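Novice: Model the full assembly from the supplied sequences, consistent with the hints where possible.
Respectively, the protein sequence lines represent chains E and Y. The numbering used here puts the first sequence at residues 1 to 238. The numbering used here puts the second sequence at residues 1 to 297.
Hints were generated in silico from the structure; no laboratory data involved. Honestly, I wouldn't trust all of these hints.
To be verified - Below, computed lysine-lysine pairings styled on DSS-like, alpha-carbon distance capped at 25 Å: (1) Y:Lys160 / E:Lys60; (2) E:Lys114 / Y:Lys160; (3) E:Lys185 / E:Lys114.
If you're wondering where the values come from, they're calculated on a predicted model, not measured in any experiment.
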Amino acid sequence: MSALLSVQSLHVQYGAVHAVRGIDLDVREGEIIALLGANGAGKSSTLNALVGLAPASQGKIVFRGQDVTGSAPERFAALGMTLSPEGRRVFGTLSVRENLLMGAYSMRDKPAVKTAWERVFDLFPILRERREQFAGTLSGGQQQMLAVGRALMSNPRLLLLDEPSLGLAPKIVEQIFELITVLRKQGVTMVVVEQNVSMALEVADRGYVLANGRIAASGTAAQLRNSQTLQAAYLGAD
Amino acid sequence: MDLFLQQTVNAFALGGTYALLALGLAMVFSTMGLINFAHGELMTIAGYILMACGLAGVPFALSVPLAICAAVIAAVAMERIAFRPVRNASGATMLVTSFAVSMILQVLFQNFISARSQAVLLPQVLSESVRFGGLVIGVNKIAAIATTIVMLIFLDRFMKHHRVGIAMRAAAEDFSVARLMGIRANTVIAGAFALSGFLAGVAAVLWVSQRASVDPLMGFTPVLKAFIAAILGGLGSLRGAVAGGFLLGFIEIYLAAYLPQGMQEFRDPIALCLVVLVLIFRPNGLIPSPALKAEKV
Chain E
1 MSALLSVQSL
11 HVQYGAVHAV
21 RGIDLDVREG
31 EIIALLGANG
41 AGKSSTLNAL
51 VGLAPASQGK
61 IVFRGQDVTG
71 SAPERFAALG
81 MTLSPEGRRV
91 FGTLSVRENL
101 LMGAYSMRDK
111 PAVKTAWERV
121 FDLFPILRER
131 REQFAGTLSG
141 GQQQMLAVGR
151 ALMSNPRLLL
161 LDEPSLGLAP
171 KIVEQIFELI
181 TVLRKQGVTM
191 VVVEQNVSMA
201 LEVADRGYVL
211 ANGRIAASGT
221 AAQLRNSQTL
231 QAAYLGAD
Chain Y
1 MDLFLQQTVN
11 AFALGGTYAL
21 LALGLAMVFS
31 TMGLINFAHG
41 ELMTIAGYIL
51 MACGLAGVPF
61 ALSVPLAICA
71 AVIAAVAMER
81 IAFRPVRNAS
91 GATMLVTSFA
101 VSMILQVLFQ
111 NFISARSQAV
121 LLPQVLSESV
131 RFGGLVIGVN
141 KIAAIATTIV
151 MLIFLDRFMK
161 HHRVGIAMRA
171 AAEDFSVARL
181 MGIRANTVIA
191 GAFALSGFLA
201 GVAAVLWVSQ
211 RASVDPLMGF
221 TPVLKAFIAA
231 ILGGLGSLRG
241 AVAGGFLLGF
251 IEIYLAAYLP
261 QGMQEFRDPI
271 ALCLVVLVLI
281 FRPNGLIPSP
291 ALKAEKV
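Specialist: Structure below.
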């Protein structure tokens, strides 16, 4: 099976900071991939580089057979790759409805937009209820749902989730992971960056462990659960 | 009482013009972090078009839209030529660029048009006045107030209901995430400049219709005032710009009306002291911008 996304020796550099130092990864259609690692390991930089928000100083990113290295961020929604960013970053002064409308900004196909609205409101009935409320007044869990809902409005083939459970109550975290399994059934391919390693490996098919901007280990979720490298990567040992 | 009402009408007319200018500054600032001091030259360009149309015998009803169009085109051209290359530079770099644009245009006006003030032919009706009970109100004041109201309603609807307007609000709050949604940075920024040019054009028509003349530095003072208004309201906040514009207009007009004769010369410093006083109590302005989340010590 050919890869939906393939990344070859990706480097990300912000001035003097070399956040990602040569990463290779493949994502196949229908998979859930977990990106794991300690703070500052380069997980978020990798996701941001995939959608053009961080500069890829070297390497190659191929999505659906197209070389998208160095493309502007505004191109990716239309190509079918979206990111639900770390810290949710919903538009607080826009209503829930306007946030979702912005999620569908790149879509020209009217019936598809209508289906997207229904899908998001079915997944998150609370967003339907609060659609005229300012996003800034939602609870953290609801904002996370809005951030994911907004990313789903463009019907992505590949959804990148950056720390979807960060700062949320345990009960909400469970809901988020349930959501990931529901989305998988709907055929959405996902790359998930998570601090919550055990839950991430429960839903993921495969995972990559990052340390100091490099891949320290990779394999199926079952392999990684038993691996020493995973613990080492979090404890910061080499 | 009549004097007070009379001055209130004047304050609305002047404050409305400041509000339109401050809105234009706030729109550009909120999308790209640029304080565009060349905004005043957009007004001057519109003023010269009014002058030229008057000389060529073009009817006023046609010269107004022409002047506004010229300001829009000039604003978009300014962004394309001068500001796009420095888009990702620091705020200071962009500020200096805007000063350069402003000065280049002023020198061009001085050398190719005239360094002196030029008369603008206006329709007779603008200099007439209407009597409401004991009040005598100039038609130009009524036109200014009515135009401001129409413009504010139009902008409010555009920013709330049009997809580009909503995208501009989204981009003002979080530009990177807006780009992720497929909102093109160029569209939002060019849109903000076009709207700011439109507002400057309208403000220029209102400004010129109070004065019937145009000179190379015409835009400088009103835009400086609008800049103060934008800060008073909360830099980058659109509602704040409107509030700040009106408040500054009220302060200036009431000071001019009620300050004792001997203190009239200190009107502007006193007005600025009042502005500073407001800012001491509300350091982020009357209605702070939502994008302003960073806490300052």
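Novice: Each of the hints needs a verdict: does it hold here or not?
Specialist: Hint by hint, here is what the structure shows:
1. Y:Lys160 / E:Lys60: violated, 40 Å
2. E:Lys114 / Y:Lys160: The hint holds at about 21 Å.
3. E:Lys185 / E:Lys114: Distance of about 20 Å is within 25 Å: holds.
Hint compliance for this structure: hint 1 is the single one not met.
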